[in-house]
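> Sequences are here, hints too, so could you generate the full structure?
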Amino acid sequence: MTALQSPPEPAGTTEPSSSSRRTKRRATALAPRDKLILGLMLGIPALVHIALVWVPAFGSVVLSFSSWDGIGGFEDIEWVGFQNYVDIFTRYPRFWPAFQHNLIWLLFLLVIPTVAGLLLAVLLDRQLRFGRLYQSALYLPMVLSLALVGFIWQLIYQPEQGLLNNVLGTASTDPVNWLGDPDINLYAVLVAAGWRHTGYIMLLYLAGLKSVDPALKEAAALDGANAWQTFFRVTFPVLKPVNVVVLVVTVIEGLRAFDIVYVINKGRNGLELLSVLVTDNIIGESSRIGWGSALAVILLLIALGVIIPRLFQVFREEGRS
Amino acid sequence: MTFRPGRILLHVFLVLTCLATLAPLLWALYASLRTYDDTARNGYFSIAESLTFDNFSTAWTQADLPHYYLNTLIVTLPALVLVLLLSSMVAYGVSRFSFKFNLALLMLFTAGNLLPQQVIVTPLYRLYLLTPVPGWLSDSELLLDSQFGLVLIHVAFQSGFCVFVLSNYMKTIPHELSEAARVDGAGVFRQYWQVILPLCRPALAALATLEFTWIYNDFLWALVLIQTGDKMPITSALQNLKGTFFVDNNLVAAGSLLVALPTLVVFFVLQRQFIGGLTLGATKG
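Which chain is which? The protein sequence lines are A and B, in order. Residue numbers for the first sequence follow our numbering, so the first one is -18 and each next one is one higher. Residue numbers for the second sequence follow our numbering, so the first one is 458 and each next one is one higher.
Computed list of lysine-lysine pairs in BS3-like fashion (alpha-carbon distance at most 25 Å, straight line): (1) B:Lys628 x A:Lys191; (2) B:Lys557 x A:Lys16; (3) A:Lys221 x A:Lys191; (4) B:Lys628 x A:Lys221; (5) A:Lys16 x B:Lys628; (6) B:Lys628 x B:Lys557; (7) B:Lys699 x A:Lys247; (8) A:Lys221 x A:Lys198.
I should point out that these hints are in silico values taken from the structure, not numbers from a laboratory. In this text, all values refer to a predicted model and were calculated from it rather than measured experimentally.
What follows is the structure, given as structure tokens:
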């Protein structure tokens, strides 16, 4: 980690002030051959990215105003304006539950793993014997796919054979069907998803805490601040950029959530999510492309709520310089 | 060292938290090491009569796991190499030269990396259905249901993150270095290949580790874009294998752990790179 955060230090570095001037000059002084090569180096990857990410994203927006079952060519597409959206909001019984589940998903991830991750990061951000070992154990779930998390946690949640009911002692008497009961299965799945997410949040906060100037904390201690005051008045405000990253990462993860509910019950019976509704229109029973696209656009609009602020955060400095 | 009760309390808390974190995996491991007869008679919540690796070998052969590992390899390796190559070229262009469109291009990649997959998956499926490819590349003769198509979407989708990380990294490399190479007569490609890229080795190692895990762990792309069960990479194949081959919990546990194994190995061997990649992606430069 440390090796990555410090930039490489080649020998013979001169003063950096001249570099910006030189950059400008070089940009105009490129040989035609170099221009062509640079064009290809930038053009090919950009083309791949635009063709397979942005064209389909744009396609979702356009197709969301259409009614098309995918049979026949583009000439069979019928344009219906906002009808898909109206139908989704007013007549589609699965939409509002899914929307609500996504909301609960976001709130849960933003509260429980975030607080737990921050707490663990604060506890581990000190010289501590076995500190690395603790960190490794807590990071470990991060490398597993959410699909696999779904499989592994099914072994815990099974009514009679699962670990949880056996530990609670309810396995033989009155087993709770953690994943089958639509009133609780969302929360059971969220615990599993949060299990994986906490390590990630901890990692982000640990990296943030490392950049907090120890002198600030010392100054606060000298002024007679206790540990709580130091944390909330000194450390936490410095972590503001990390908080934004945590927010963005969590919201995007929350909107992308799909694998885990899909492997458990294909996202039904209490586990509906917007991502499942979109996917159902491709691999599920119905193939309503306009409909699925309209759902995707709703997902996109929610995602833009964090993507745009994130872009501002990242590129503000760039624009100034 | 002096005896500090606070420290001991902290250690107790951390040990318990770590054990709780590892519990689901340990429970899966325990179930996978027991025989079916044992768990059928005594239940899973009991002391094992004996421990055996039989479930692992059964899962391995019955479900033909090597075949699915190979499917994953065919997709993951080319995708990994291509995404690092293409992303580093873009990062080089936008970080070492000041073109007017640099900021726009960088924003495009950064925003693309944040889109939920479902936003693009419906038109992408249609696009793959309409795009013919030569038969030697895919027996479906379409991008749909071809491993080539899967590689392409991984490259396109993951390049957002890699461009973002690598361009931040390359900005920290002094301009004088490529300048010196230029004076010596090196063209832009040689400057990129022989000067900048070798200096990015730490960032490339971190990204390679991270991207390997992400591409390996992909579930949605393969589920939607691959239709023949035989071509599925292992993460998505597990869904089909469960129920057909992995009928009892012991086998499900063993199969799950076998699928997790490559990522676990990567994590234990390359943890520093893995963590470093995530930190690089979250912070700026």
